[in-house]
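> The listed protein sequences correspond, in order, to chains A and U. According to our numbering, the residues represented by the first sequence are 1 to 118, in order. According to our numbering, the residues represented by the second sequence are 1001 to 1198, in order.
Honestly, the hints are just simulated from the structure, not real lab data. C-beta atoms are modelled at their ideal positions from N, C-alpha and C, and glycine is treated no differently. Hints are supplied without guarantee of correctness; some may be wrong.
Said to hold, decoys possible - To be clear about the criterion: a stretch of chain U counts as covered by chain A if any three or more of its residues have a C-beta under 8 Å from a C-beta of chain A, and this derived list gives those stretches: (1) 1073-1079; (2) 1147-1156.
As the list claims (entries may be wrong) - Short, incomplete list of chain A residues facing chain U, as computed with Cβ under 8 Å: (3) 5; (4) 40; (5) 70; (6) 77; (7) 79; (8) 80.
As the list claims (entries may be wrong) - Taking CB as the label site, the calculated pair distances span: (9) A:37 / U:1025: 19 to 25 Å; (10) U:1176 / A:53: 53 to 59 Å; (11) U:1028 / A:17: 16 to 22 Å; (12) U:1152 / A:19: 25 to 31 Å; (13) U:1061 / A:37: 21 to 27 Å; (14) U:1177 / A:37: 45 to 51 Å; (15) A:53 / U:1081: 46 to 52 Å; (16) U:1120 / A:38: 25 to 31 Å.
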Amino acid sequence: MADLFRIGDRVRASRVDPPHHTRLPRYARGAAGTVTDLLGRYPLPDRSARRLAAEPEPVYAVAFAARELFGEGDHTVTIDLWESYLQPAEAAEPRGTDTAAATSLPARLRRDAPRGRP
Amino acid sequence: MSADHAGPAAGPAATVRRLEALLEQRGLIDAEQLDRALGTFLARASPANGARLAARAWVDEGFRQRLLADANAALPELGLSMGGGLQEQRLKVVQNTADSHNVIVCTLCSCYPLALLGPSPTWYKSEAYRSRVVRDPRTVLREFGFELEPRVAISVWDSSAEARYMVLPRRPGGTEDLGEPELAALVTRNGLIGVAPL
């Protein structure tokens, strides 16, 4: 499958707070940034950590302005994020808007799997 | 500093010891073999490796460019690699300049290029460093005794996925006469993480 994003694309991180392991840091949720690098393809940890089938998918370096993440600051923070965590910035709801964000999430992130293991 | 700087809890270490004991007990691993494998890896994993990379990049412009463009391909020139784990990890080297400074963190745990920097310092794994350096890097650097000029832009790299990062510090002035080993001796682990100038 072709990569969804290219270097220079504006993307927005998912707002989902999943009940399972994830590697989308909480402070980046809902924030918009710019793809700065392509880092290869790896299985989505949200699934592999639960021992669910996980096809390798693109991981991107995404640069965020501190102001976007924290409301202040003049530095940038670059976070390595799996494709499932990202949507095109213009298609996604901006951070802080009160919408049913979960309905627009990639299926891979939904609570579709057994929670916890016996 | 607050108790947050106390570092990771002893819990995981105890869990690992217990797990190792069980695996040995059931004959699934050989303790000596495990010690040997760990020993071999750790003997090679040292900040001296990162320091050698920095020194070479300072004296060899072609190497500097190759290191920044594709670090994994450049490492073997110094007999180094990002292998040693389950799979080779991608390394990205980020370069400090007069106008820009880089600092590395893993906000989710403590990901870090072990082979090039040696075992990570306790503070790197502390919740205080992980949560504060992304939010207010200038203040955190100041607490390390590193005062950056206000005009210098800061980039924080949160290596919370599969890639690992290393900072290439700026070559200090007045070192034109030094050879590569002398230059490498100036570079510290903290400099390669980005919490010190060198």
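> Please list, smallest to largest, the hint numbers that this structure does not respect.
Checked against the structure, the hints that fail are numbers 1, 3, 9, 11, 12, 14 and 15, while the rest are satisfied.
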